[in-house]
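**Q** Take a look at the letters that make up each chain.
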Amino acid sequence: MPLQEVESFVGEETADKDFLYTLNFGPQHPATHTTLRLILTLDGETVIRAVPDIGYLHSGFEKLGEDLDFNQYVTIVDRMNYISPIANEIAWHHVVEKLLGIEITPRCRYIRTIMAEIARISDHLLNVGTAALDLGAFTAFLYAFYQREKCYDIYETAAGQRFHPSYTRVGGLMADVTDDWIRKVRDFVVGFPKAHSDISKLLNKNRIFMDRTQGIGVLSREDAINLSVTGPLARASGVVRDLRKDEPYLAYSELDFQVVCAKEGDCYARYMVRMGEMLESLKIIQQAIENLPSGPVNVDIEGKAVIPDKSATYRSIEGLIQHFELIMTNRQWKVPVEEVYGANETANGELGFYIVADGTGRAYRARTRPPSFIHFAIFPYLIEGHLISDVPAILGSLNIIAAELDR
Amino acid sequence: MDHRSTLSVLRSQLGEQAFVTSEFRDNFRIEVPAERVLDALLALKDQAGFDMLAELTAVDYLHYPNARDRYGVVYCLLNTTTGERVFVKTFVNDPDPCLPSVFPLWKGADWLEREVYDMFGIVFEGHPDLRRILLPEGFRSYPLRKDYPLRGRLERHNFPVIPRAES
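Protein sequences, first through last, are from chains A and B. The opening residue of the first sequence carries number 1 in the working numbering; numbering runs sequentially from there. The opening residue of the second sequence carries number 1001 in the working numbering; numbering runs sequentially from there.
Among the hints, erroneous ones may be present.
Taking CB as the label site, the calculated pair distances span [stated by the list, open to error]:
{"hint": "1", "chain 1": "B", "residue 1": "1093", "chain 2": "A", "residue 2": "330", "range": "29 to 35 Å"}
{"hint": "2", "chain 1": "A", "residue 1": "221", "chain 2": "B", "residue 2": "1131", "range": "27 to 33 Å"}
{"hint": "3", "chain 1": "B", "residue 1": "1147", "chain 2": "A", "residue 2": "359", "range": "35 to 41 Å"}
{"hint": "4", "chain 1": "A", "residue 1": "182", "chain 2": "B", "residue 2": "1161", "range": "54 to 60 Å"}
{"hint": "5", "chain 1": "A", "residue 1": "22", "chain 2": "B", "residue 2": "1158", "range": "21 to 27 Å"}
{"hint": "6", "chain 1": "A", "residue 1": "179", "chain 2": "B", "residue 2": "1153", "range": "49 to 55 Å"}
Here are the simulated DSS-like cross-link-like pairs (lysine-lysine), alpha carbons at most 30 Å apart as the crow flies [unchecked claim]:
{"hint": "7", "chain 1": "A", "residue 1": "98", "chain 2": "B", "residue 2": "1089"}
{"hint": "8", "chain 1": "A", "residue 1": "63", "chain 2": "B", "residue 2": "1107"}
{"hint": "9", "chain 1": "B", "residue 1": "1107", "chain 2": "A", "residue 2": "245"}
{"hint": "10", "chain 1": "A", "residue 1": "334", "chain 2": "A", "residue 2": "283"}
{"hint": "11", "chain 1": "B", "residue 1": "1089", "chain 2": "B", "residue 2": "1107"}
Think of the hints as simulated: they come from the structure by calculation, not from any bench. The C-beta atom is built at its ideal place from N, Cα and C for all residues, glycine as well.
Model the full structure from these sequences, guided by the hints.
**A** Set out below in structure tokens:
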């Protein structure tokens, strides 16, 4: 049978584009690591356009924040960025304490600083490990995850829960740390540089890794600022900003560390910034653990902000009253009818909370400024014109955590 | 943080009476009526150096003590050179809550405005692609409004139900 010309059924406006191919990437794909979906328009192997489709993990965290009190909501913020949960808790209670005007004790400040930095290291380790894994470097991933286990051990020793510690409370912590915890942090400080150098040796000069990441997904300094990018992504593009230095909180103003920056703004620069930040975090942990102040972890019981410990609740009338006052939903803290925004520098960038308080012990509105959400919005700008094999490279360098993305 | 230069820019651009300032902890807030908000943001961006829109969110003041307006929209602007932050706040009301989009000023406003639209139903005029972002396309309510119950309104109106006999 002779070949016949087939009449094209494509409309006129798309007639010159009918060679374009649409590819659905996700929502479940090994390279996304979390649940997110991309609709890619391809010309051969080149990505012309990417449209992210999110919301698969939306579970109404901010609505729940209006129903749970300031202490209860900590279990929910844990589950936002579950790669470094304790950093979210610290950020949440940082803002709550800012609202209530509570000054936490020096020991609490130092313990929270150490925990926040361990969270940063564990977040960066996961990001570096999986970004390399997606590009075919499997061994670095194993080194990274072995160290992450140690971070989880440290959380567990302090809070009794390794994945979602829920460790902070308004005005203090769930419990003071033990000598065992201090020993584990010291061991981590000693053992981590070896693993860090192992990962660096595997990746920093790795020809394949460099070819896959250098010059890929370049974000210029102006775009980074215009697109609201913060954290290691912005610093890799030359935005010299770190809330730990610019708006010091916790114990950061007393500790010596540097802000790691790069100029290139590509995936490799983001990787290098994260690797550098881990060593700076280690420096912070080392100084903080050696200078850990003694004294109480919770603010004074006279301040009426913290739940008294069990023995005080059961054996003294003051403790019992205090406990009752903080648990009953119509009593609780003295909250101003005000609204406040506060932010912490977490591993992913500026994690902020905007709390509107109406005078009760629960937030009237608990808005999260999620860095993953803002960073995923820049993905279409970064991928344009790159090959489809660069999708995992760029996605890996952005460190999108879908639970925080969708909340 | 000193906000005098920012205030003088606003005074020269909007006039003395156009805005109200307040301060709580380290948050410096500028309250602007909805019809002047774009002018204020434009002046802050071009003349006071606020080059980053760090945060954009909304609040439903339905049950809030002493509230006069229904929705508040908050823009958190950041000057990346000096580290200065200001919070520009404006109010909109039913039945047609509507504000001009700031996407032409800061591209970072894209998803932030879409989220506010998704959760509160506040329309941003001039936004290039104002669709729902977290919730499904066919969803009818705006769940972060205060009149939306915590546990939702049961099943979605278009939830496909397959009777046992057909399965």
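**Q** Look at each hint and say if it fits the structure.
**A** Checked hints:
1. B:1093 <-> A:330: 29 to 35 Å: holds, 31 Å
2. A:221 <-> B:1131: 27 to 33 Å: holds, 30 Å
3. B:1147 <-> A:359: 35 to 41 Å: violated, 21 Å
4. A:182 <-> B:1161: 54 to 60 Å: holds, 57 Å
5. A:22 <-> B:1158: 21 to 27 Å: holds, 25 Å
6. A:179 <-> B:1153: 49 to 55 Å: holds, 53 Å
7. A:98 <-> B:1089: Roughly 20 Å separates the two Cα atoms, so the pair holds.
8. A:63 <-> B:1107: Holds, at roughly 27 Å.
9. B:1107 <-> A:245: holds, 26 Å
10. A:334 <-> A:283: violated, 38 Å
11. B:1089 <-> B:1107: holds, 19 Å
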